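A.B. asks: Given next are the chains, with one letter for each unit.
Protein chains: 2
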Amino acid sequence: MVRGRVIALSVTDVRFPTSSDQHGSDAMHTDPDYSAAYVVIETDATDGLKGYGLTFTLGKGTEVVVCAVKALAVHIVDREFEEIVGDFRRFYRQLTSDGQLRWIGPEKGVVHLATAAILNAVWDLWAKQEGKPLWKLLVDMDPQKLLSCIDFRYITDALTEEEAYDMLKHGKLGQKEREEQMLKNGYPAYTTSCAWLGYSDQQLKELCVKALKDGWTRFKVKVGADLPDDIRRCKLVREMIGPDNLLMLDANQRWDVQEAIDWVSKLAEFKPLWIEEPTSPDDILGHATISKALAPLGIGIATGEQCHNRVMFKQFLQAKALHYLQIDSCRLGSVNENLSVLLMAKKFQIPVCPHAGGVGLCELVQHLILFDYISVSASLENRMCEYVDHLHEHFKYPVTIKKAAYMPPQVFRAGCWIFN
Amino acid sequence: MVRGRVIALSVTDVRFPTSSDQHGSDAMHTDPDYSAAYVVIETDATDGLKGYGLTFTLGKGTEVVVCAVKALAVHIVDREFEEIVGDFRRFYRQLTSDGQLRWIGPEKGVVHLATAAILNAVWDLWAKQEGKPLWKLLVDMDPQKLLSCIDFRYITDALTEEEAYDMLKHGKLGQKEREEQMLKNGYPAYTTSCAWLGYSDQQLKELCVKALKDGWTRFKVKVGADLPDDIRRCKLVREMIGPDNLLMLDANQRWDVQEAIDWVSKLAEFKPLWIEEPTSPDDILGHATISKALAPLGIGIATGEQCHNRVMFKQFLQAKALHYLQIDSCRLGSVNENLSVLLMAKKFQIPVCPHAGGVGLCELVQHLILFDYISVSASLENRMCEYVDHLHEHFKYPVTIKKAAYMPPQVFRAGCWIFN
Numbered sequence: 001m002v003r004g005r006v007i008a009l010s011v012t013d014v015r016f017p018t019s020s021d022q023h024g025s026d027a028m029h030t031d032p033d034y035s036a037a038y039v040v041i042e043t044d045a046t047d048g049l050k051g052y053g054l055t056f057t058l059g060k061g062t063e064v065v066v067c068a069v070k071a072l073a074v075h076i077v078d079r080e081f082e083e084i085v086g087d088f089r090r091f092y093r094q095l096t097s098d099g100q101l102r103w104i105g106p107e108k109g110v111v112h113l114a115t116a117a118i119l120n121a122v123w124d125l126w127a128k129q130e131g132k133p134l135w136k137l138l139v140d141m142d143p144q145k146l147l148s149c150i151d152f153r154y155i156t157d158a159l160t161e162e163e164a165y166d167m168l169k170h171g172k173l174g175q176k177e178r179e180e181q182m183l184k185n186g187y188p189a190y191t192t193s194c195a196w197l198g199y200s201d202q203q204l205k206e207l208c209v210k211a212l213k214d215g216w217t218r219f220k221v222k223v224g225a226d227l228p229d230d231i232r233r234c235k236l237v238r239e240m241i242g243p244d245n246l247l248m249l250d251a252n253q254r255w256d257v258q259e260a261i262d263w264v265s266k267l268a269e270f271k272p273l274w275i276e277e278p279t280s281p282d283d284i285l286g287h288a289t290i291s292k293a294l295a296p297l298g299i300g301i302a303t304g305e306q307c308h309n310r311v312m313f314k315q316f317l318q319a320k321a322l323h324y325l326q327i328d329s330c331r332l333g334s335v336n337e338n339l340s341v342l343l344m345a346k347k348f349q350i351p352v353c354p355h356a357g358g359v360g361l362c363e364l365v366q367h368l369i370l371f372d373y374i375s376v377s378a379s380l381e382n383r384m385c386e387y388v389d390h391l392h393e394h395f396k397y398p399v400t401i402k403k404a405a406y407m408p409p410q411v412f413r414a415g416c417w418i419f420n
Numbered sequence: 001m002v003r004g005r006v007i008a009l010s011v012t013d014v015r016f017p018t019s020s021d022q023h024g025s026d027a028m029h030t031d032p033d034y035s036a037a038y039v040v041i042e043t044d045a046t047d048g049l050k051g052y053g054l055t056f057t058l059g060k061g062t063e064v065v066v067c068a069v070k071a072l073a074v075h076i077v078d079r080e081f082e083e084i085v086g087d088f089r090r091f092y093r094q095l096t097s098d099g100q101l102r103w104i105g106p107e108k109g110v111v112h113l114a115t116a117a118i119l120n121a122v123w124d125l126w127a128k129q130e131g132k133p134l135w136k137l138l139v140d141m142d143p144q145k146l147l148s149c150i151d152f153r154y155i156t157d158a159l160t161e162e163e164a165y166d167m168l169k170h171g172k173l174g175q176k177e178r179e180e181q182m183l184k185n186g187y188p189a190y191t192t193s194c195a196w197l198g199y200s201d202q203q204l205k206e207l208c209v210k211a212l213k214d215g216w217t218r219f220k221v222k223v224g225a226d227l228p229d230d231i232r233r234c235k236l237v238r239e240m241i242g243p244d245n246l247l248m249l250d251a252n253q254r255w256d257v258q259e260a261i262d263w264v265s266k267l268a269e270f271k272p273l274w275i276e277e278p279t280s281p282d283d284i285l286g287h288a289t290i291s292k293a294l295a296p297l298g299i300g301i302a303t304g305e306q307c308h309n310r311v312m313f314k315q316f317l318q319a320k321a322l323h324y325l326q327i328d329s330c331r332l333g334s335v336n337e338n339l340s341v342l343l344m345a346k347k348f349q350i351p352v353c354p355h356a357g358g359v360g361l362c363e364l365v366q367h368l369i370l371f372d373y374i375s376v377s378a379s380l381e382n383r384m385c386e387y388v389d390h391l392h393e394h395f396k397y398p399v400t401i402k403k404a405a406y407m408p409p410q411v412f413r414a415g416c417w418i419f420n
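For the record, the sequence lines run as chains P and Y.
Start counting the first sequence at 1; every next residue gets the next number (full-length UniProt numbering).
Start counting the second sequence at 1; every next residue gets the next number (full-length UniProt numbering).
Since the hints were derived computationally from the structure, they do not count as laboratory data.
Treat the hints with care, since some could be wrong.
When chains are identical, the list treats them as one kind, so a pair holds in a single copy or across two.
[Unchecked claim] The calculated lysine-lysine pairs, modelled on DSSO-like cross-linking and capped at a C-alpha distance of 30 Å, are:
(1) Lys176 to Lys70
(2) Lys172 to Lys70
(3) Lys347 to Lys210
(4) Lys320 to Lys347
(5) Lys347 to Lys292
Since this is a predicted model, take the numbers as computed values, not measurements.
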């Protein structure tokens with residue numbers, strides 16, 4: 001089915017002025033302009049299909065990612081598409097292990113974001129060529145073929161290819177029923193739209209009222225800039241949503257280790273399910289310390305949106321440093337690397353609760369979490385996918401949310417995400 | 001003394017075709033073209049002094065770092081120089097915590113390399129304005145002033161500002177004698193020039209003979225591509241240098257955890273002091289596992305040249321994952337971040353053995369290691385600085401090596417590094 005030779009890759013710097021209304025504002029990112037490096041690949045096949053991929057950015061620096069995409073393009077242009085996805089592990093490693101480019105990574109920061117944008121476009125085109133939405137391409141894929149997309153380098157001490165194969169094989173049991181369940185009810189979501197840090201109390205209240213009316217039962221609040229302010233806002237949101245709905249907190253890396261423990265302890269009375277990104281995204285051992293200290297308060301640790309590769313996730317799992325694993329569809333090396341993380345999470349029995357929002361992240365990550373449920377985790381316990389209500393109007397096929405759940409995209413030939 | 005307003009920052013993409021002769025070749029970087037993003041800052045002061053800084057790259061991708069430097073330039077151009085170095089911690093955090101740019105890092109990969117290039121130029125200019133080589137500026141600096149250059153964010157669970165102050169205060173004892181000792185004997189070095197992976201056995205032999213004649217007693221060999229090949233090369237070098245000289249091995253991240261243990265065990269008979277970068281630079285816990293397994297063989301772990309920030313170094317130290325800490329002058333956020341790592345290494349009693357080579361790394365890092373000995377560690381036990389004999393001819397003030405030791409640069413008004 002796979003066809004064509006890649007004849008062109010183009011990349012665009014797309015920016016939205018979200019900072020003007022404080023959408024997306026948090027303790028460390030006070031003025032984000034949601035943006036993307038947006039990649040389109042074309043082949044010489046006569047079907048006219050193109051692959052669209054993006055990586056999410058916050059405004060300034062998008063041009064740096066665009067520059068990195070151009071540097072990596074040499075690895076994809078003029079290649080048979082069959083050669084790329086037919087030995088996808090090899091192609092993944094070519095992008096991530098280029099003997100010169102890896103020095104400015106490796107597998108982290110700008111080059112890895114660029115890698116994600118390119119690979120997201122490859123997966124989009126592959127799904128379109130197969131005439132399926134991406135989640136369905138993954139769900140239908142033979143375990144051996146799925147494994148051939150994953151680079152196991154540096155993670156074999158936590159997950160071998162053989163273990164991964166057994167998991168995927170086991171995941172085939174009951175797959176059909178779970179797929180039908182997803183098509184009927186969708187995948188549970190939570191909302192971050194109500195409580196950005198820059199919003200006024202009045203805005204918070206109004207947004208909570210509206211969200212409750214729309215059926216939302218899980219709410220995330222940004223914290224970390226000012227403790228009295230956090231106490232007031234958490235109290236307000238808890239009052240608005242009542243004692244039975246879920247409340248999550250997100251500090252966006254604001255604290256040092258001890259500071260995180262002290263601060264979050266003072267918010268424990270509002271019964272948060274988790275504290276997200278309490279400290280540096282690189283601080284595995286710090287997260288483990290915080291996790292241990294907050295466990296008696298019943299507060300879990302969530303992190304991952306800035307966890308830069310599978311080697312870091314491996315260690316977060318090994319060190320028992322998180323309770324909720326938040327994959328990102330653009331921070332990691334696209335579907336390929338996310339597959340390895342989903343499988344490691346399954347092995348360590350940690351629920352995956354993806355990061356979304358920004359621009360295009362909801363559109364992207366829904367495919368991964370649908371696959372995770374249908375073919376890997378087979379569980380909805382303690383699981384939910386983030387949802388943020390911004391910028392969907394710019395997509396040709398925006399996500400569909402019904403009763404606070406992601407409804408699986410079913411558009412024939414729309415792999416995933418396309419700007420209007 | 002500090003003066004002027006920064007009126008311009010320029011950045012150049014400088015490349016050397018080192019790959020043509022396999023200089024610098026290792027198991028993961030088979031064809032490096034030693035390159036740099038080279039920054040020059042100018043002020044409106046009438047002294048005509050400029051600040052020169054660089055970050056090292058391997059060829060492709062230098063243009064991406066150049067792009068990132070341009071994105072960061074907004075933070076320095078039009079600023080009073082006194083405002084920059086007068087509250088250097090604040091300036092450091094401005095560069096590394098830009099609310100939009102930090103998304104594509106934070107403090108890692110391309111943006112952090114760009115940060116290093118800019119800050120290296122700032123330190124160069126500062127040293128020149130003070131009329132001292134950089135190491136001397138640092139050695140003479142008041143402990144409180146030194147601390148004000150360091151961002152302690154995310155490391156206070158391992159090192160508080162108070163502890164750091166006490167260390168620096170204590171480091172003043174005997175400082176004068178150590179400075180005189182350095183001026184007389186220099187800082188001990190080891191050579192990596194003899195055994196790049198792409199060199200033939202004949203080349204290896206000839207280079208060993210020459211190095212021994214020049215007084216070298218410590219030698220590093222690249223390994224990791226092929227085990228029989230490694231055994232042959234290690235045997236050859238050990239025979240050439242004899243049983244009493246030091247042999248170090250460097251795998252440049254080639255292996256998975258168990259693979260590293262198995263492979264290095266088979267090289268133990270050649271009595272290497274350390275194995276460098278056995279696996280992913282991100283794998284703290286993996287290094288700890290390898291360290292534990294190789295300890296009975298008397299082989300230590302060295303790593304750091306791709307350790308991307310102080311948070312990672314903190315954890316390597318906390319997890320007892322390394323025995324030799326290899327700072328890099330361009331991978332970390334310049335002198336500022338390296339100061340925090342030198343102090344953490346002192347606290348954890350781990351010797352610092354800097355990474356050098358490439359282009360300009362020897363010229364840069366000599367200042368840091370001289371400061372480390374004179375003002376922090378006060379010890380030469382198990383310590384040595386890497387030296388590689390390439391591309392020094394392109395510098396106006398290249399390093400001076402005498403009897404396998406770095407001689408402290410003393411050029412008045414030459415802070416550190418200037419291309420011809």
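A.B. asks: Output the indices of the hints that this structure fails to meet, ascending.
C.D. replies: 1, 2, 3
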